[in-house]
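Enquirer: Going line by line, the protein sequences match chains A and B. Numbering that gives the first Met the number 0 applies: residue 0 is where the first sequence begins, and numbers increase by one. Numbering that gives the first Met the number 0 applies: residue 0 is where the second sequence begins, and numbers increase by one.
One should not assume that every hint holds.
Now the stretches of chain B that chain A is said to cover, found in silico as 3 or more residues with beta-carbon under 8 Å [claimed, not checked]:
| no. | region |
| --- | --- |
| 1 | 0-14 |
| 2 | 31-40 |
| 3 | 46-55 |
In case anyone wonders, no lab produced these hints; they're calculated from the structure. C-beta atoms are modelled at their ideal positions from N, C-alpha and C, and glycine is treated no differently.
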Amino acid sequence: MASYSQRLLQVIRSTNREISLMEVCGTHTMAIARSGIRELLPPNIRLLSGPGCPVCVTSQGDIDSVIEMVRREEVILLTFGDMMRVPGTRSSLQEERSRGADVRVVYSPLEALKIAENNPDREVVFLGIGFETTVPTVAVTLEEAREAGLHNFSLFSLHKLVPPALELIMSDPEIRVDGLICPGHVTAVTGLRPYETLAHKYGKPCVVTGFEAVDILEGIVMLIHQLQNSTARAEIQYKRVVKPEGNPAAMDAIWRVFETAPSRWRGLGMIPDSGLQLRDEYAAMDARRKFNLPEMEDIPIKGCICGAVLTGKKIPTDCALFGRSCTPLEPVGPCMVSQEGACAAYYRYTPGKRKVLE
Amino acid sequence: MCLGVPGRIIEMKENYRAIVDVNGNRMEISVRLTPEVQVGQYVLIHAGFAMEIIDEDAARETMQLLLEVMEYGQL
Numbered sequence: 000m001a002s003y004s005q006r007l008l009q010v011i012r013s014t015n016r017e018i019s020l021m022e023v024c025g026t027h028t029m030a031i032a033r034s035g036i037r038e039l040l041p042p043n044i045r046l047l048s049g050p051g052c053p054v055c056v057t058s059q060g061d062i063d064s065v066i067e068m069v070r071r072e073e074v075i076l077l078t079f080g081d082m083m084r085v086p087g088t089r090s091s092l093q094e095e096r097s098r099g100a101d102v103r104v105v106y107s108p109l110e111a112l113k114i115a116e117n118n119p120d121r122e123v124v125f126l127g128i129g130f131e132t133t134v135p136t137v138a139v140t141l142e143e144a145r146e147a148g149l150h151n152f153s154l155f156s157l158h159k160l161v162p163p164a165l166e167l168i169m170s171d172p173e174i175r176v177d178g179l180i181c182p183g184h185v186t187a188v189t190g191l192r193p194y195e196t197l198a199h200k201y202g203k204p205c206v207v208t209g210f211e212a213v214d215i216l217e218g219i220v221m222l223i224h225q226l227q228n229s230t231a232r233a234e235i236q237y238k239r240v241v242k243p244e245g246n247p248a249a250m251d252a253i254w255r256v257f258e259t260a261p262s263r264w265r266g267l268g269m270i271p272d273s274g275l276q277l278r279d280e281y282a283a284m285d286a287r288r289k290f291n292l293p294e295m296e297d298i299p300i301k302g303c304i305c306g307a308v309l310t311g312k313k314i315p316t317d318c319a320l321f322g323r324s325c326t327p328l329e330p331v332g333p334c335m336v337s338q339e340g341a342c343a344a345y346y347r348y349t350p351g352k353r354k355v356l357e
Numbered sequence: 000m001c002l003g004v005p006g007r008i009i010e011m012k013e014n015y016r017a018i019v020d021v022n023g024n025r026m027e028i029s030v031r032l033t034p035e036v037q038v039g040q041y042v043l044i045h046a047g048f049a050m051e052i053i054d055e056d057a058a059r060e061t062m063q064l065l066l067e068v069m070e071y072g073q074l
């Protein structure tokens, strides 16, 4: 296999064109950093991180709303681990927990059902963060909660859809992206259609790519091949998992429970139809409505350029805080908190980060 | 966040639950999103759910195709 990777690299290195590719997905950002692919590529091939780390794109105001909510005594908040350390304006979930809030990390939303059952006197809230990959799992959990007649379970939905954000990036003249390394597991659910639309509308090739180093190299080769042939199609490199039609059962689950709504993204602002809120039939399980939570304003973090990093306008090392006052141990912005945030990935794996520290 | 791990379905249970083997560890997942899955098949698991049935033949196909394209010097 090593020789196959080397052949792929040779092909990539034989290109003289200046090419900027965006890896949309945070899991790709992490895999690229860990495998050292960025350093193996010639300087004319640039990889930019995109808005595909769900924790990173969550707006500051939404994080502050969640923190407000966990201060209620009756609430047990269940969250994926990534969210614990994300700094709100004045606090984080981890800090709230150390002050007595009941915040628990779960691996699967299904765990929420048992916790709600075992705590009938408490209000169990699942913090819904994530894209199309995660949303169907949450949708099924809500359906099962309703079937089980759980009245003390609700969802705080900060779920987002990937294609509307990509559409915004593609139409921004300040962002130069020649092709998209598209998210493997999101597309396993949505299917290829959204990327066919993007590729056609903006004339940029899109390749749905897997997460092993060799997958990513293959994806890059497929994109270069299209750019050299002046084609702009949506293709799948990650065929062992992704089918062109996606997973219709998972998409059905999403639309049985959710409907689109405007959503605020860090770095991209309010994007119409890019968020998911519960349908009226599930209003009783909507934490925002149940606890009458107000929308909170986005208060920018001083000096943090996460927003520009998430849209490929800047790279982490462009930030004055990077490696100085913002490190994985004491993160200032979300891109340094989440393992798959571009700043954390750069910090952990990029050789030469020492230079920044000097 | 959209991480997925492969696992093999060992046993089907009630209410769309199944036992899977992930690298020698057994865990219970939901197969409600891949209702057609059979015992013995590999699935991609995310957040306690089988998200897709994995097709290894399709993976080899991509590699073969790229090798051929490279052979012919089209890249």
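Enquirer: Would you mind marking each hint as holding or not holding in the structure?
Expert: Comparing the hints with the structure gives:
With 4 residues carrying a beta carbon less than 8 Å from a beta carbon of chain A, the region 0-14 of chain B meets the three-residue requirement, and the given coverage holds. Interface restraint, the region 31-40 of chain B with chain A: holds (4 residues with C-beta to C-beta distance below 8 Å; minimum three). Given a C-beta distance limit of less than 8 Å, the hint that chain A covers the region 46-55 of chain B holds, as 8 residues qualify and 3 suffice.
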